[in-house]
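For the sequence shown, the working numbering begins at 1 and goes up steadily by one.
No wet-lab data here; the hints were simulated from the structure.
Glycine included, every Cβ here is placed at the ideal spot set by N, Cα and C.
Among these hints, one or two may not hold up.
Keeping only pairs whose Cα atoms sit at most 25 Å apart, straight-line, the calculated PhoX-like set for lysine-lysine is [unchecked claim]:
# : residue 1 : residue 2
1 : K72       : K270
2 : K4        : K213
3 : K329      : K70
4 : K5        : K213
Estimated spans, in silico, between C-beta atoms of each pair [said to hold, decoys possible]:
#  : residue 1 : residue 2 : range
5  : V44       : L177      : 31 to 37 Å
6  : E189      : F293      : 45 to 51 Å
7  : E189      : P365      : 44 to 50 Å
8  : V184      : N295      : 49 to 55 Å
9  : V44       : I383      : 31 to 37 Å
10 : I356      : K190      : 41 to 47 Å
11 : L94       : K4        : 45 to 51 Å
12 : P76       : K275      : 33 to 39 Å
13 : P90       : K270      : 41 to 47 Å
14 : I243      : P76       : 37 to 43 Å
15 : S202      : I383      : 40 to 46 Å
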Amino acid sequence: MQSKKLDRNVFILGLVSLFTDISSQMIYPLLPIFLSSVLGVGIVFIGLLEGIAETAASILKVFSGWYSDKLKKRKPIIFLGYSLSTIGKPFLYLATAGWHVLIVRFIDRVGKGIRTSPRDALVADSSLPEQRGKAFGIQRAMDRMGAFLGPLIAFAILPLLNNNLRLLFLLAFFPALIAVLIIVFFLKEKLHLQDPSKKIKSISLKYFSRDFKLFVLILAVFTLGNSSDAFLVLRARNLGISIVFIPILWLMYNFISSVSSVPLGHLSDKIGRRKTTLLGFIVYGAVYSGFAFSNTQGLIWIFMAFYGVYYGLSEGVLRAYVADLVEDKSVLASAYGIYHTVAGLCMFPASLIMGILWQSFGPQPAFLFGASLSLAAAILLSIFIKK
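Work out the full structure: start from the sequences and follow the hints.
Here is the structure:
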């Protein structure tokens, strides 16, 4: 029997993520260097900045998911979120202090917080259960392809801009604008609610199964060791990788993330989300151990490549896993809100702990802390989640 084709919303949302990430990744890999080298900001502040920005996004994700379920609409909330992130980007051109960058990142993450839960719910709404791994794999692959093209564009035009990071940040506005226009003209509502008449009055765990709640707790353990990727960039610089090659390092990582997302997402449709997630946790632990013990630039390139494989094993698969564990699809966006909020809230202490451990004891204990929590999460998942 021939499998049903994926709904076009999956590809439209993939295109939105593609252009948004081209914009974001023209900026993000170079932002830690802009903060430390141009604005003179310390390591702890960078960790604090990323923690605050991600916390803002995380808190909003649970509310935007709940509100999407309450309205029984996805598109208007998705549009608002992407629009906010687009509006904030040009102001990096004017930043002269660390707190200016903090405000811009805050606005950008608020936009991400608003859009993420309804977007993921719309991907799940637009795909059958046996297609979810592949559907989320496609959406995340296009997202990561944008993250591949963003650093490539940055690498290509930085010399033409005389290495002027401010001008590069200003140009990053335009791909984000294209993403917003795609939402306006091409994205369609497609809801599959078990009970369309059901009223979602409050955010509550009573709607969710024991497995989903345990899954979220295990994710929290893992995420406490999953600090900002800014520290990977700083570790690369720490081992002597030139600033001009940082976008290329990021490019390689995102290319591998992109090309692995669809096949590994489809793999989860075949062998199950649990096994694929376990493999992802193990790969993450190995990568962070590698970053801890690496003493040459070559090893950083190798472990950064494996970090891309980890994302192929986790980003889309975890989102598909959420949809599998939520039986009542009328609260699906709320479930994504809880999932993303817990992960994001844990990223605040994760980034702060990483910065403090690095500054106090060096990079090795900092990365080993992340590796140990990843392996702990793998053990907990294997024991407590059977589905």
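Practice task
Given the range 49 to 55 Å, decide if the beta-carbon distance of V184 to N295 lies inside it.
Solution key: holds, 50 Å
Practice task
Could you tell me whether the CB distance from V44 to L177 stays inside 31 to 37 Å?
Solution key: holds, 34 Å
Practice task
Given the hint of 31 to 37 Å, check if V44 and I383 actually sit that far apart at their C-beta atoms.
Solution key: holds, 36 Å
Exercise for the section: Sort out whether K213 lies within 25 Å of K5, counting only the CA atoms. Expected result: Between K5 and K213 the Cα gap is close to 32 Å, so the pair fails against 25 Å, i.e. violated.
Practice task
Note whether the CB distance of I243 and P76 lies within 37 to 43 Å or breaks it.
Solution key: Given a distance of about 41 Å, which is inside 37 to 43 Å, the answer is holds.
Exercise for the section: Mind checking the alpha carbons of K4 and K213 for me, to see if they're no more than 25 Å apart? Expected result: It is violated: about 31 Å lies between the C-alpha atoms, which goes past 25 Å.
Exercise for the section: Take a quick look at whether K329 and K70 sit within 25 Å of each other, Cα to Cα. Expected result: holds, 12 Å
Practice task
Just tell me: holds or violated, for the beta carbon distance of E189 and P365 against 44 to 50 Å?
Solution key: Given about 49 Å between the Cβ atoms, the range holds.
Exercise for the section: Using the Cβ atoms, figure out if P76 sits within 33 to 39 Å of K275. Expected result: For P76 and K275 the Cβ distance comes to about 37 Å; the hint holds.
Problem - C-beta pair L94, K4: status relative to the range 45 to 51 Å that was hinted - result: This hint holds: roughly 49 Å between Cβ atoms.
Exercise for the section: Take the C-beta atom of S202 and the C-beta atom of I383, compute their distance, and say whether it sits inside 40 to 46 Å. Expected result: violated, 32 Å
Problem - Satisfaction of the hinted span 41 to 47 Å by the C-beta atoms belonging to P90 and K270 - result: Cβ of P90 to Cβ of K270: about 44 Å, so the range 41 to 47 Å holds.
Figure legend: structure checked against the earlier numbered hints; hints not met, in rising order: 1, 2, 4, 15.
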